[in-house]
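Participant: Take a look at the letters that make up each chain.
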Amino acid sequence: MNYLMRRLATFPLVLLGVSILVFVAIRMVPGDSITAMLGTEAGLLTPAQRDSLAAYFGIDQPWFVQYWRWIGGILHGNLGISVTYGRPVLDVIIERFPLTLELAVLSMIIALAVGMPAGIFAATHNEKLSDLGVRMVAMIGQSTPSFVLGLLIIYTLSAGFGVLPAMGEFAPLWQDPLRNLSQLILPAITLGFAFAASVTRISRSAMLDVLSDDYVRTARSKGASARSVIWRHALPNALIPVVTLSGIEFGYLLGGAVIVEQIYALPGLGRMVLDAIQQRDYALVQGAVLFIAFNFMIVNLLVDLAYVALDPRIRLGEP
Amino acid sequence: MTPLLSVSDLRVGFGRKPHANEVVRGVSFDLADGETLAIVGESGSGKSVTALSINRLIDFGGGCITGGAMKLKRADGSVFDLMTATEPQLTGIRGAEIGMIFQEPMTSLNPVLTIGSQIEESFRLHRGLTGRQATAAAKDALDRVRIPDAARRLKYTPNQLSGGMLQRVMIAIALACNPRLLIADEPTTALDVTVQAQIMALLAELKRQTGMSMIFITHDIGLVAGIADKVMVMQNGQAVEQGELNQILDKAQHPYTQHLLQDVPHFANGSATRADGQRDKGASTEPALKVDNLVVRFPLKSSFFSRASGAVHAVDGVDFDLMPGETLAIVGESGSGKSTTARAVLGLVRSTRGSFSVGVRKASAQQSALPVQMVFQNPYASLNPRLSIETILAEPVIATGGRVNIKTRARMAGLLERVGLPKNSLERYPHEFSGGQRQRLCIARALMLNPSVVVLDEAVSALDVSVQAKVLELLVDLQREFGLAYLFISHDMAVVERIAHRIAVIYAGQIVEIGDATSVLSTPQHSYTKKLIAAVPTIDRRHEHFELDTRQVPSLVRPQGYEPAPARWEQFGPDHRARAEA
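Chains V and P supply the protein sequences, listed in that same order.
The opening position of the first sequence corresponds to residue 21 in my numbering, with each subsequent residue numbered one higher.
The opening position of the second sequence corresponds to residue 2 in my numbering, with each subsequent residue numbered one higher.
Keep in mind that the hints were calculated from the coordinates and are not lab data.
No residue lacks a Cβ here, since even glycine has one placed at the ideal position from N, Cα and C.
Any given hint could be a false lead.
[Unchecked claim] Which stretches of chain P does chain V cover? Using the computed rule of at least three CB atoms under 8 Å from a CB of chain V, they are:
no., stretch
1, 446-458
2, 502-509
[Claimed, not checked] Simulated pairs of lysine to aspartate or glutamate, DMTMM-like, Cα-Cα distance not exceeding 25 Å:
no., chain 1, residue 1, chain 2, residue 2
3, P, LYS208, P, ASP320
4, P, LYS18, V, ASP229
5, P, LYS156, V, GLU147
6, P, LYS156, V, ASP233
7, P, LYS18, V, GLU147
8, P, LYS532, P, GLU187
9, P, LYS156, V, ASP324
10, P, LYS140, P, GLU105
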């Protein structure tokens, strides 16, 4: 409990660092909200018009004043107003987040459900033909870019079977679960395939390591069956690297999957951030990055807690 | 009467071509009910592979049985063919009829499961017990191996128990279902000598109680005298000699058995100490190393900001001096503070208090200003595998700001020759050398800077017994030649007897007895020294068992500000004193 408090206490510090970085970084990109909105027509503005627009966007002040205002707002729970959507930043993010979260969870389920058994299978059939097969597929999975796989899936389904992925307005899970799943299943497979490939590779190598450990030999000397050796003795010891990898990948997915969202036309966080950067929607970019960083920290915390649950040798709070 | 286990012409190979790559080449033996066979050999002799072949665990270790026959008489009198048995049949035999314990108790138990559930597993697998019954059976099994407070310890995970305790747990698991054969593969090699005596006593007692047979594998021929009925000596995958215990120990026929019995250090209660290089009592020479009231404490803190709540008193007021050309052996068990003492002398850990004076008097003019060098225990881990021998030997010179020039190279070549390594070693890499050769390299590296004191931290412990003897010889020769002073840290009394002039026995961070080697080993005065010496296995004590003792090592954690009571010393001779006991 004490540990949890101390970990949570570090969150504001990290977020402060992230906020400065993103604030400065987005302002280092050439152009501003006005040119982004008006394009070449921005050149036609009179200085007075320009000043008035700058004051409207709040970019007429020096950057530290802007930063101060922004941070002050955050402390009052106000992430600012998105200029593209004309609505509070937090509202826009919260509207987009469920899809991203669902997509991340679905991909992770697919990755673990496919990757772990495949990895264990390969490890227990080490250097046999089946192991080579699994390793080859995993290698392909890791090295295929998601847009290739995504387009391949769409093409195969439409050209081969005449089925099109469910398009159109996105249906949230709680309104129309069936339609929602039919919209998300293909993107989830696209993302989950590479994820599963990583999980396969890491669980295979972790399992191989563990299977040659002394305590596995002890288990066999007790008369434990092959199944019990794998599931009861080896697997819990092999899980740590799998959890580490899954945590990192899951954290990235919570930041949105730009390419897959683009291919399947999904309104997720990734596309939102990309658009916001192109529009120089400073408030939205900053808010989204803070939100993503916060999620990442939560995931990391959960991963650390999972370590403790998995391995009694790991104690929280010890250096 | 049919034997319990009959092995004939067993052959085991490894790799893709097991027939061409055999490490066990035609081993045969019979084992009767209630009999103990000791298999003795050095690493690579095939003794462990033979053991793992009996319950066919070798199948999982990359090995392949290429020939021979193995028959086990089962409890109901039927004969079971271990050779042709299928894997499901074998799982019914393993643990139920053949139990096994291993060398390394620290890694042989599953780190993420409680010891209770690991013991229960045997009962679940072979007796069909579940729930409370299994837990109760597990508690009984722990009681049987004399683990105090068994009910509570069932909930412990392996990291919460000491090595000796874990080996007891292993024995509890192996004997859970009363197997009729126990295979013990170097069960005490990783343990301290007093703990080893306890485990041996426990095994002997359990064997008496249950009437089981045992195959006891060891590299230490001294250990077999206490437990074996028959002995088989293995070398290069073959049994070179086997027979009754007394016949092997007293009338060994094969030269290798004779070599193991005679050329290898055996403990002789102080009658085999060195005759050369004794301390010159009259002359007032300055010591090469003088340590005064050395204290090393590690503060215990619950977090970075909080104040220390106590301290681990790893070394608590150690004094000694070391003359040029002399060996002071520091003996003690793991956790006694002997290695910390050595590290403090080298400056690898900071001493809390105390003073050193090093190199007060140099044995010869060429000795360097950096007087202390070290040789570590594990020759496999203490040489960087990516560096050539030339770089490794140049390292101390470069680290001290020297240049690698013709003189340095000449010294490298000279030292390599002196430690008995081939001339072309310089361009080679550590993996091309055997364990003994690597330790010679480490010695050469330590001598590169021409030190006056060399700290040898368990420097021969990881080596095979016959290699051990040769490295010890080399150390003695080098000591005479260069006038080196050795601080020799060891737990092995037989080795210490061969090399030490003086011995300091360290217990719980304090020296309890120090003095002339012959005197300390032949007439130990402190109760701990006596216990330590009594626990050393020797070939002279046959079928002699130790008292079971479940006392734990005292904790070295003391409250903040604790100071030990000043030592009172009793003198037992010109150079032999021991701490007075309460």
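Participant: Now tell me if each hint is right for this structure.
Facilitator: Right, here's what the structure says about each hint:
1. Evaluation of the coverage hint for the stretch 446-458 of chain P: breached, as 0 residues show C-beta separations to chain V shorter than 8 Å, against a requirement of three.
2. A count of 0 residues in the stretch 502-509 of chain P with a Cβ less than 8 Å from any Cβ of chain V is obtained; the coverage claim is therefore unmet, three being the minimum.
3. Under the criterion of a C-alpha separation no larger than 25 Å, the hint pairing LYS208(P) with ASP320(P) is inconsistent with the structure, at around 45 Å.
4. With a C-alpha separation of about 24 Å, the suggested pair LYS18(P) and ASP229(V) falls inside the 25 Å cut-off, and the hint holds.
5. About 39 Å separates the Cα atoms of LYS156(P) and GLU147(V), which puts this hinted pair outside 25 Å; it is violated.
6. Taken as a hint, the LYS156(P) and ASP233(V) pair is honoured in the structure, with Cα atoms around 23 Å apart against an allowance of 25 Å.
7. A C-alpha spacing of about 15 Å is found between LYS18(P) and GLU147(V), which places the hinted pair at or below 25 Å, so the restraint holds.
8. Of the supplied pair hints, the one linking LYS532(P) and GLU187(P) holds, its CA atoms being roughly 22 Å apart against a limit of 25 Å.
9. Taking the CA atoms of LYS156(P) and ASP324(V), the gap is near 23 Å; set against the 25 Å cutoff, the hint holds.
10. Taking the CA atoms of LYS140(P) and GLU105(P), the gap is about 23 Å. The hint holds against a cut of 25 Å.
Checked against the numbered hints above, the structure breaks hints 1, 2, 3 and 5 and satisfies the rest.
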